[in-house]
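Quick note on numbering: the sequence shown equals residues 647 to 764 in our numbering.
Hints listed in this document are in silico derivations from the structure and should not be mistaken for laboratory results.
Keep in mind that a hint or two might mislead.
[Claimed, not checked] Restraint ranges, calculated between C-beta atoms of paired labels, are given here:
id: 1; residue 1: 661; residue 2: 685; range: 29 to 37 Å
id: 2; residue 1: 700; residue 2: 661; range: 51 to 59 Å
id: 3; residue 1: 649; residue 2: 671; range: 57 to 65 Å
id: 4; residue 1: 700; residue 2: 678; range: 26 to 34 Å
id: 5; residue 1: 726; residue 2: 704; range: 51 to 59 Å
id: 6; residue 1: 685; residue 2: 717; range: 55 to 63 Å
id: 7; residue 1: 714; residue 2: 691; range: 33 to 41 Å
id: 8; residue 1: 705; residue 2: 677; range: 38 to 46 Å
id: 9; residue 1: 657; residue 2: 691; range: 44 to 52 Å
id: 10; residue 1: 656; residue 2: 691; range: 32 to 40 Å
C-beta: ideal position from N, C-alpha, C; glycine also.
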Amino acid sequence: MGNITDGIETICKGIVDGHEDRKKFIHDVKKDVKDIKEQAGTITEDARKFMGDCKKSHKEMAKNLKEDLSKNREGLIKDVGLLRKDFQKSQKAVRSDIEGASKNWNEMNKTLRGKKAK
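The whole structure should be built from the sequences, with the hints applied where relevant.
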């Protein structure tokens, strides 16, 4: 009968020891879950902060870009105006040259016709 008693005592001891091990394991798992939830909360908070900062930076960059483009637009309008004035002046000079060349051509043609007629 000693063998049966020893076997039952061993089984009972194994059950008790296993129960304590499971309790410790469950306690550790709960602690790990709590830590993971805290980390997830921190990550979520950091992500929200980051998104807020990104939105703020984006608005600021958009404002700066709009201002810079507006200033550049004014400069471009001024530059185009100056180019148009220069072109008009050049166009007048070209017209004057063409008129002078035409006048000279006509005089030369008139002179040549006069010499041929003689």
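Structure-based check of all given hints:
no., hint, verdict
1, 661 x 685: 29 to 37 Å, "holds, 36 Å"
2, 700 x 661: 51 to 59 Å, "holds, 57 Å"
3, 649 x 671: 57 to 65 Å, "violated, 32 Å"
4, 700 x 678: 26 to 34 Å, "holds, 32 Å"
5, 726 x 704: 51 to 59 Å, "violated, 32 Å"
6, 685 x 717: 55 to 63 Å, "violated, 47 Å"
7, 714 x 691: 33 to 41 Å, "holds, 34 Å"
8, 705 x 677: 38 to 46 Å, "holds, 43 Å"
9, 657 x 691: 44 to 52 Å, "holds, 51 Å"
10, 656 x 691: 32 to 40 Å, "violated, 52 Å"
The structure fails hints 3, 5, 6 and 10 (numbered hints given earlier, in ascending order).
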